[in-house]
Amino acid sequence: MLKEPPKTYAQILKKEQDELVLSYMPALRAMAFRLKERLPASIDVNDLISIGVEEMIKLSRRYDKEQNDNFWGFAKKRVNGSMLDYLRSLDVMSRNNRKIIKDIDVIIDEYFLEHECEPDDEYLAKKLNLDIEKIKEVKTAHAISYTLPIDEQLELYNEDNTLEKIEKEELVEKIHKVLDNLKEREQLIIQLYYYEELSLKEISEILEISESRISQIHKKLLKKLRERLA
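Using numbering that gives the first Met the number 0, you'd call the opening residue of the sequence shown number 0 and step up by one each time.
Read the hints as simulated data drawn from the structure, not as lab findings. Even for Gly, the Cβ is constructed at its ideal location relative to N, Cα and C. Mixed in with the good hints, there may be bad ones.
[As the list claims (entries may be wrong)] FRET-style restraints, in silico, Cβ to Cβ:
1. Leu-221 with Asp-119: 32 to 42 Å
2. Glu-53 with Leu-206: 20 to 30 Å
3. Arg-77 with Lys-218: 25 to 35 Å
Please put together the full structure from these sequences, using the hints given.
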């Protein structure tokens, strides 16, 4: 019986790279779903995931674990950038949405002349006989297709209180310093919870572990972090 020939270094390396991509798929999916929350209904989250996977495969071929602490830290910004590039390439404003945005502009101008302030979405929805969600969708699509880069536009919809943001950034920076000493799954839970801002329930669905188990792991991680940050 013929023995299977030994795998070449290139084959072994490719297998490791593919496994690397698979291990960080939950983080990529979380990123895509978070981005999707701020986009019009016409954008398919699966398209964002596909674009992210393609980029992550390319990055896995360039990743050097000797020079980078962890793969997601190396890849996250570039994967997010690939999704944003994809969105820039789309014409997210349909003909109907363009008409609605023109009608919205007229109503806002008229309202401002009378009240010296802009109307809320509820007022716009009532005037145009549309639901509030449709108004929000159209305004978001308009923002994406406007002159500012999409990443700057999206940032405007996700501003935290400045002080809270600073405090959180300081906490995340401290966590980052001890992250590399944690196990792979522990790292992923920390990244999903503190970096991607998912709830424990969302993390349990992504990792296919019960929420109570995720909660237990999280509590142990917090204890570890407190000890190492003390």
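To see whether the hints hold, each was checked on the structure:
1. About 40 Å separates the C-beta atoms of Leu-221 and Asp-119, a value consistent with the hinted range of 32 to 42 Å.
2. Judged by the Cβ atoms, the range 20 to 30 Å given for Glu-53 and Leu-206 holds: they are separated by roughly 23 Å.
3. The given range of 25 to 35 Å is respected by Arg-77 and Lys-218, whose C-beta atoms sit roughly 33 Å from each other.
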